[in-house]
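Make the full structure from the sequences, and use the hints.
Below, each chain spelled out in residue letters.
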Amino acid sequence: MPVLHPEFWRLLSPEWVLVCFGTLFLLLSALPVTRGARRATGVMALFGFAVVLVLCAQTLAALSPGMHVAVLTGLDGQIGLTVDGFSQVFKFIFVLGALFTVLMSFKYLDVEKAWTGEYFTFLTFAVFGMMVMASGVDLLTLWVGLETMALSVYVLAAYMRRQEPSVEGATKYFLLGAFSSGLYLYGTSLIYGATGTVQLGSIRLALLDRLAHGGPAAVGFPLAAGLVILSVSLLFKAALVPFHWWTPDAYEGAATPITAFMSVAPKAAAFAMLLRIFVAGFLPLAPMWTGLLSLVAILTMAWGNIAAMLQNNVKRMLAYSSIAHAGYALVGLVAAGKSQSNQGIAAVAFYLLVYAFMNLGAFGLVLYLQREGSAGDQMDDFDGLIQRSPLMAVLMIFFLLSLGGIPPMAGFLGKLMIFYSALDAHLYLLAVVLAVTSVISLYYYFRVVYHMFLKEGAHNLPTPSAGRPLGWSLALCGVAVLAIGLYGQPFLHWASQAVLLGR
Amino acid sequence: MVTPWRRLGVYLDLVYVFPGTIGVGTGLGYLADRWLDTSPYGTLLGFLLGLSGAFWYLFRMLGIVAHRGRRDGEDDGS
Numbered sequence: 001m002p003v004l005h006p007e008f009w010r011l012l013s014p015e016w017v018l019v020c021f022g023t024l025f026l027l028l029s030a031l032p033v034t035r036g037a038r039r040a041t042g043v044m045a046l047f048g049f050a051v052v053l054v055l056c057a058q059t060l061a062a063l064s065p066g067m068h069v070a071v072l073t074g075l076d077g078q079i080g081l082t083v084d085g086f087s088q089v090f091k092f093i094f095v096l097g098a099l100f101t102v103l104m105s106f107k108y109l110d111v112e113k114a115w116t117g118e119y120f121t122f123l124t125f126a127v128f129g130m131m132v133m134a135s136g137v138d139l140l141t142l143w144v145g146l147e148t149m150a151l152s153v154y155v156l157a158a159y160m161r162r163q164e165p166s167v168e169g170a171t172k173y174f175l176l177g178a179f180s181s182g183l184y185l186y187g188t189s190l191i192y193g194a195t196g197t198v199q200l201g202s203i204r205l206a207l208l209d210r211l212a213h214g215g216p217a218a219v220g221f222p223l224a225a226g227l228v229i230l231s232v233s234l235l236f237k238a239a240l241v242p243f244h245w246w247t248p249d250a251y252e253g254a255a256t257p258i259t260a261f262m263s264v265a266p267k268a269a270a271f272a273m274l275l276r277i278f279v280a281g282f283l284p285l286a287p288m289w290t291g292l293l294s295l296v297a298i299l300t301m302a303w304g305n306i307a308a309m310l311q312n313n314v315k316r317m318l319a320y321s322s323i324a325h326a327g328y329a330l331v332g333l334v335a336a337g338k339s340q341s342n343q344g345i346a347a348v349a350f351y352l353l354v355y356a357f358m359n360l361g362a363f364g365l366v367l368y369l370q371r372e373g374s375a376g377d378q379m380d381d382f383d384g385l386i387q388r389s390p391l392m393a394v395l396m397i398f399f400l401l402s403l404g405g406i407p408p409m410a411g412f413l414g415k416l417m418i419f420y421s422a423l424d425a426h427l428y429l430l431a432v433v434l435a436v437t438s439v440i441s442l443y444y445y446f447r448v449v450y451h452m453f454l455k456e457g458a459h460n461l462p463t464p465s466a467g468r469p470l471g472w473s474l475a476l477c478g479v480a481v482l483a484i485g486l487y488g489q490p491f492l493h494w495a496s497q498a499v500l501l502g503r
Numbered sequence: 504m505v506t507p508w509r510r511l512g513v514y515l516d517l518v519y520v521f522p523g524t525i526g527v528g529t530g531l532g533y534l535a536d537r538w539l540d541t542s543p544y545g546t547l548l549g550f551l552l553g554l555s556g557a558f559w560y561l562f563r564m565l566g567i568v569a570h571r572g573r574r575d576g577e578d579d580g581s
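In order, the protein sequences belong to chains A and B. Here the numbering used here is used: position 417 in the first sequence is 417, and no number is missing along the way. In the numbering used here, each residue carries its 1-based index in the second sequence increased by 503.
By construction, these hints were calculated from the structure, which means they are not laboratory data. Predicted model only: the values in this text are computed from it and were never measured. Even glycine gets a Cβ: it sits at the ideal position worked out from N, Cα and C. Keep in mind that a hint or two might mislead.
For each label pair, taking beta carbons as the anchor points, the in silico distance ranges come out as [what the hints assert, rightly or not]:
no.	chain 1	residue 1	chain 2	residue 2	range
1	A	Arg371	B	Leu515	27 to 33 angstroms
2	A	Tyr487	B	Val518	53 to 59 angstroms
3	A	Leu492	B	Arg563	42 to 48 angstroms
4	A	Arg10	B	Leu539	51 to 57 angstroms
5	A	Glu7	B	Ile567	51 to 57 angstroms
6	B	Asp516	A	Gln163	24 to 30 angstroms
7	A	Leu205	B	Gly526	30 to 36 angstroms
8	B	Tyr519	A	Arg10	51 to 57 angstroms
9	B	Trp538	A	Pro222	22 to 28 angstroms
10	B	Arg563	A	Leu299	18 to 24 angstroms
11	A	Gln163	B	Thr541	29 to 35 angstroms
12	B	Pro522	A	Val144	23 to 29 angstroms
13	B	Pro522	A	Asp209	30 to 36 angstroms
14	B	Thr541	A	Phe47	54 to 60 angstroms
Computed from the model, here is a short list of chain B residues facing chain A with C-beta under 8 angstroms [unchecked claim]:
no.	residue
15	Pro543
16	Gly545
17	Leu547
18	Phe550
19	Leu551
20	Ser555
21	Phe558
22	Trp559
23	Leu561
24	Phe562
This is the structure:
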């Protein structure tokens with residue numbers, strides 16, 4: 001029988017509360033009710049995610065620094081699921097992303113008249129999958145989390161099923177995702193064949209043993225190939241070059257709140273999994289994978305920024321920008337592997353938190369400009385926004401400055417932490433590419449500013465309306481981006497609890 | 504009007520192009536390893552790039568299929 005920790009239910013309270021809410025939404029979606037009643041499901045989702053956020057914070061506060069609690073142990077005595085500072089920090093980011101997505105969804109679902117209970121069900125189950133991805137410590141548990149998340153997000157990407165771009169983007173995402181998931185299992189089978197285990201701690205011990213007895217040559221091709229194949233799947237989920245093609249199409253086609261969600265939470269979950277697998281499991285092979293991932297990081301930062309410069313659709317531009325930001329976060333991961341310290345991990349966690357606020361805010365502004373018959377995602381939709389809605393134009397500047405890494409916004413601090421971790425690990429080339437590509441990114445972020453401030457909008461354009469939930473979410477994101485930038489210490493301390501290594 | 508056989512051809516392409524791209528990438532990586540004595544990094548990088556190429560082909564093919572489907576739909580007047 002699998003062994004549960006005596007405090008299993010308390011330690012995993014965010015997960016089971018989330019599952020209860022998800023199941024409730026599923027049952028409610030079967031009821032033939034009015035749109036007003038469907039809206040109540042949204043309010044319940046908001047409440048549910050707020051409760052889970054508090055539970056995550058509570059569990060994190062109850063853990064002492066560096067503590068790892070095995071909450072689920074398998075038949076073979078190997079730990080499958082753990083609760084530690086790392087998992088709790090990442091869970092917090094996922095739930096925060098979902099909470100803001102729900103807030104932003106009210107306007108979208110109203111305008112599109114697309115209220116259904118399933119929307120919130122899949123959102124909830126996607127977050128549940130992400131939590132397993134952050135807590136899993138064996139390759140198969142992680143895969144279960146990955147698939148729970150991915151299947152829910154495929155459905156959400158195709159939510160506007162009567163709109164062709166939505167279906168096309170979601171189909172591409174699904175088919176490529178299914179292939180990458182198969183690759184993950186193939187990689188896992190090769191690793192299992194080579195090491196005799198799928199548990200990350202045991203894989204690490206097996207690797208140390210091999211290296212101690214036979215040196216690097218003892219690693220063997222099957223194990224190295226298994227790791228590369230496994231990485232491909234995760235590079236795909238995190239939308240890193242050269243596995244990023246699905247991103248612009250899927251982001252452009254999906255409902256804007258879902259695009260915002262996809263660009264933040266699943267990406268953070270993929271990074272949690274990448275960190276867990278590479279740093280907790282494959283650290284002895286760091287000299288091998290840091291080289292490979294450095295190349296991926298350089299390509300991602302360069303290609304994401306260059307491609308974003310060519311876009312006229314703001315959603316596509318933000319999609320490419322999200323690819324570039326994944327490249328920045330990857331620098332932190334490589335730094336963690338190279339210097340074998342927790343600094344890079346904390347930098348990634350902090351960056352992903354900051355990125356959640358600034359990117360959700362930017363997508364929220366696209367949503368603000370949405371009206372019946374127009375998605376509000378063209379560059380021209382931003383023309384003369386300063387005259388139509390000065391407050392929103394200023395908020396957009398906050399988000400764009402933050403995305404570009406300009407002080408005193410939070411994005412600057414996020415990039416600075418990544419930059420320092422790269423310097424600390426002597427990754428000078430990565431640090432230089434990060435700095436140069438950040439400067440390049442200013443071009444396309446300031447293009448939006450140019451449209452908002454210097455271009456005259458059409459006279460017959462109506463003043464957009466935010467609605468209370470979207471207005472609140474934009475205001476909160478704006479405050480967070482400024483507050484973290486001006487006083488980041490508590491947030492840096494929070495991120496430093498994401499510890500995977502013993503020192 | 505696109506016949507079902509022609510449409511099938513697009514999917515059949517995938518059967519050999521997908522694994523073929525991975526094979527070519529890995530093979531080139533292997534040759535690079537032998538030439539530069541960098542084993543196994545060249546092979547692994549070639550394998551990764553081959554996989555990337557295979558995925559790109561799949562992605563491109565899905566786009567072609569979607570556009571053909573849309574064009575056929577317009578032809579049918581539906």
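A quick look at each hint next to the structure:
At roughly 45 angstroms, the beta carbons of Arg371 of chain A and Leu515 of chain B sit outside the given window of 27 to 33 angstroms. Tyr487 of chain A and Val518 of chain B have their C-beta atoms about 58 angstroms apart, which keeps the hinted 53 to 59 angstroms range intact. With their beta carbons about 43 angstroms apart, Leu492 of chain A and Arg563 of chain B fall inside the hinted range of 42 to 48 angstroms. Checked against the hint of 51 to 57 angstroms, the pair Arg10 of chain A and Leu539 of chain B passes, with Cβ atoms roughly 56 angstroms apart.
The hinted range of 51 to 57 angstroms is satisfied by Glu7 of chain A and Ile567 of chain B, whose Cβ atoms lie roughly 54 angstroms apart. With their beta carbons about 28 angstroms apart, Asp516 of chain B and Gln163 of chain A fall inside the hinted range of 24 to 30 angstroms. Remark: the range hint 30 to 36 angstroms for Leu205 of chain A to Gly526 of chain B is upheld by a beta-carbon distance near 34 angstroms. Take Tyr519 of chain B and Arg10 of chain A: their Cβ atoms lie about 54 angstroms apart, and the range 51 to 57 angstroms holds.
A hinted range of 22 to 28 angstroms holds for the C-beta pair Trp538 of chain B and Pro222 of chain A, which are about 23 angstroms apart. Between Arg563 of chain B and Leu299 of chain A the C-beta distance comes to about 19 angstroms, which sits within the given range of 18 to 24 angstroms. Judged by the Cβ atoms, the range 29 to 35 angstroms given for Gln163 of chain A and Thr541 of chain B is violated: they are separated by roughly 48 angstroms. For Pro522 of chain B paired with Val144 of chain A, a C-beta distance near 28 angstroms keeps the hint of 23 to 29 angstroms intact.
About 34 angstroms separates the C-beta atoms of Pro522 of chain B and Asp209 of chain A, a value consistent with the hinted range of 30 to 36 angstroms. At roughly 57 angstroms, the beta carbons of Thr541 of chain B and Phe47 of chain A sit within the given window of 54 to 60 angstroms. The closest approach between the C-beta of Pro543 of chain B and any C-beta of chain A is roughly 6 angstroms, which is under the 8 angstroms cut-off, so the hint is satisfied. The closest approach between the C-beta of Gly545 of chain B and any C-beta of chain A is roughly 12 angstroms, which is over the 8 angstroms cut-off, so the hint fails.
For Leu547 of chain B, the suggested interface contact is upheld, since its CB lies about 5 angstroms from the closest CB of chain A, less than 8 angstroms. Satisfaction of the interface hint for Phe550 of chain B is found here, the shortest Cβ-Cβ separation to chain A being roughly 6 angstroms, below the 8 angstroms cut-off. A distance limit of 8 angstroms between C-beta atoms decides the matter here; for Leu551 of chain B the minimum to chain A is near 6 angstroms, and the interface restraint holds. Evaluation of the Ser555 of chain B hint against chain A yields a held restraint, the C-beta minimum of about 4 angstroms falling below 8 angstroms.
Interface hint status for Phe558 of chain B: upheld, as the beta-carbon distance to the closest one in chain A is roughly 6 angstroms, under 8 angstroms. A least Cβ separation of about 6 angstroms between Trp559 of chain B and chain A falls short of the 8 angstroms threshold, and the interface hint therefore holds. This hint holds: Leu561 of chain B has a C-beta 6 angstroms from the nearest C-beta of chain A, less than the 8 angstroms allowed. Given hint, Phe562 of chain B at the interface with chain A, holds; its Cβ is 5 angstroms from that chain's nearest Cβ, closer than 8 angstroms.
Checked against the numbered hints given earlier, this structure breaks hints 1, 11, 16; the rest are met.
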